[in-house]
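J.: One letter stands for each residue in the lines below.
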Amino acid sequence: MVLTGLWQPSAKADEPLFGFTYTTDTQPKGKFELEQWSTTRFTKGYGSFWLQDNLTEVSYGVTDRFQFSLQSDYASTSAFQNGPFRATTPPEPFSFDVPLPDARYARTRFISVSGEGIFRMLSPYTHPVGLALYFEPTFGPGFSEPEGRVILQKDFRDDRLVLGFNFTYAPEYRRLQPNTKCLCLSETDINFDSGVSYRFHRNWSAAFEFFNERELASLNFTNLINSAYYLGPTVHYANQNFFVTVTFAEQMPWATVHSNTLPGAIVNGYDFDNDFEKYRVRIKFGWNFGAEKR
Amino acid sequence: MRCRFTLLPIAALILPGGPAYGTVYLSIQQAQALLFPGATFQSETRTLSDDQVKAIEHASGVPVRNHQVKAWRVSTGGWFLVDEVVGKHEFIPFAVALDRDGAVKGIEILEYREAYGGQVREQPWLEQFYGKRPGAKLRLNKEVRNISGATLSCKHITDGISRLLATYEVVLAPNGH
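So the protein lines, in turn, are chains B and R.
Letter by letter, the first sequence follows residues 1 to 294 in this note's numbering.
Letter by letter, the second sequence follows residues 1001 to 1177 in this note's numbering.
Just chain B, with the same shape it has in the complex (with noise of 0.2 Å):
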């Protein structure tokens, strides 16, 4: 995940049944599982935009219930004249740089490595609520976010029906100038993340996603930045060696201004801070390599 707070490509625990929002499965003890992630997010107020970020875990059960990951990000963007009052603006990601208003901006870059635990302590099919611990910690080039997560599950007729909520808390320190050392808090994200799934045939779930996800320029809750709504759909098949998980999200037009947001961010009800776009669509492959052979 990620650098940037709100933009999470964060791992998930084990099979993700959403695109955003996790649930409470670990890998099993001693199995390995490799994923591959592609974020991408398009769509400004004005002018032209996309970035694509793309994530590689490899995910691994120390313990039936403790799951460790390593996992590598890397990005492109494109901008032109996106931003407030029309000005070129890199996404958060490439906020380091600052192009001149009307220049056009590409970039591939490392973003950062991280690593996540994830501890789930109540199972939500042995449990009447299914509860997990995630601790992310992120580095990258001018860039650190301790990124910390509860995750709730509750599982209905016969765990196909699927309903998860995600509360996230993860300050971002970043390096704004150039010739400094200081890596500042930049910015806390504070995300909730809901979802509805439903296993409607044999390997295939279908599922609905909800989330707000905040900034605040303050590490107790104050000094509102931005807020933004998504709603999408997502689609999820998995068989015993492999998934595919892909979801589409947008921008519901609810965005209004905060005591710290940026003048021009919002316009006509959504939020174009360079962290929030009109538009994403998540990609997730895995594939576990302690599938067992039969």
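Calculated directly from the structure, the hints in this document are not laboratory data.
The reader is advised that the hints may include incorrect statements.
[Unchecked claim] Here are the simulated lysine to aspartate or glutamate pairs, DMTMM-like style, with alpha carbons at most 25 Å apart:
{"#": "1", "chain 1": "R", "residue 1": "Lys1054", "chain 2": "B", "residue 2": "Asp158"}
{"#": "2", "chain 1": "B", "residue 1": "Lys29", "chain 2": "R", "residue 2": "Glu1122"}
{"#": "3", "chain 1": "B", "residue 1": "Lys154", "chain 2": "R", "residue 2": "Glu1143"}
{"#": "4", "chain 1": "R", "residue 1": "Lys1132", "chain 2": "R", "residue 2": "Glu1084"}
{"#": "5", "chain 1": "R", "residue 1": "Lys1054", "chain 2": "B", "residue 2": "Asp159"}
{"#": "6", "chain 1": "R", "residue 1": "Lys1142", "chain 2": "B", "residue 2": "Asp159"}
{"#": "7", "chain 1": "B", "residue 1": "Lys29", "chain 2": "R", "residue 2": "Glu1143"}
{"#": "8", "chain 1": "B", "residue 1": "Lys29", "chain 2": "R", "residue 2": "Glu1111"}
{"#": "9", "chain 1": "R", "residue 1": "Lys1132", "chain 2": "B", "residue 2": "Asp158"}
{"#": "10", "chain 1": "R", "residue 1": "Lys1137", "chain 2": "B", "residue 2": "Asp159"}
{"#": "11", "chain 1": "R", "residue 1": "Lys1142", "chain 2": "B", "residue 2": "Asp158"}
{"#": "12", "chain 1": "B", "residue 1": "Lys154", "chain 2": "R", "residue 2": "Glu1057"}
{"#": "13", "chain 1": "R", "residue 1": "Lys1137", "chain 2": "B", "residue 2": "Asp158"}
{"#": "14", "chain 1": "R", "residue 1": "Lys1070", "chain 2": "B", "residue 2": "Asp159"}
{"#": "15", "chain 1": "B", "residue 1": "Lys154", "chain 2": "R", "residue 2": "Asp1159"}
{"#": "16", "chain 1": "B", "residue 1": "Lys154", "chain 2": "R", "residue 2": "Glu1084"}
Fit chain R to the given chain B structure using the hints.
T.: Leaving out everything else, chain R in the frame of chain B:
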């Protein structure tokens, strides 16, 4: 928007629908021969009434998914039952042999297609259910031990056996053994 997704990972382009990795271990006939060697079987498929469904769900604490009961009366005494439960990705069909008193005398997992937990088809795990009769408490992590990485499968198979024992008590036992 001009968008060139040149870095879209090849892996993400792999479409679902590849080969089926499932493993079919036994046909119904093979399971019958294993569980009741030398016996003959008379099919007695039943359709559950609403009252029977309620009685089974009350007795087992498990929802009834299928109102059709696949049952065979065994020539040497007892019943051979087939049902299926929800696995992590696929359904898990299984067969249960009940002796003439309604106690579990054998279980066979007919297919298992999940990534983990293949031990559910091995006797050390299945033997936990042998001798259990209708009304027996069968709870995962209590009377029934779990298998790492296959909690959902273990739970649902346990529930499925509870449901079949209740089905025997409500539907089959009143008609004789």
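J.: For every hint, state whether the structure bears it out.
T.: Hint check results:
| no. | hint | result |
| --- | --- | --- |
| 1 | R:Lys1054 with B:Asp158 | 17 Å, holds |
| 2 | B:Lys29 with R:Glu1122 | 20 Å, holds |
| 3 | B:Lys154 with R:Glu1143 | 24 Å, holds |
| 4 | R:Lys1132 with R:Glu1084 | 19 Å, holds |
| 5 | R:Lys1054 with B:Asp159 | 21 Å, holds |
| 6 | R:Lys1142 with B:Asp159 | 20 Å, holds |
| 7 | B:Lys29 with R:Glu1143 | 23 Å, holds |
| 8 | B:Lys29 with R:Glu1111 | 24 Å, holds |
| 9 | R:Lys1132 with B:Asp158 | 23 Å, holds |
| 10 | R:Lys1137 with B:Asp159 | 21 Å, holds |
| 11 | R:Lys1142 with B:Asp158 | 19 Å, holds |
| 12 | B:Lys154 with R:Glu1057 | 21 Å, holds |
| 13 | R:Lys1137 with B:Asp158 | 19 Å, holds |
| 14 | R:Lys1070 with B:Asp159 | 24 Å, holds |
| 15 | B:Lys154 with R:Asp1159 | 18 Å, holds |
| 16 | B:Lys154 with R:Glu1084 | 23 Å, holds |
Of the numbered hints given earlier, the model fails none.
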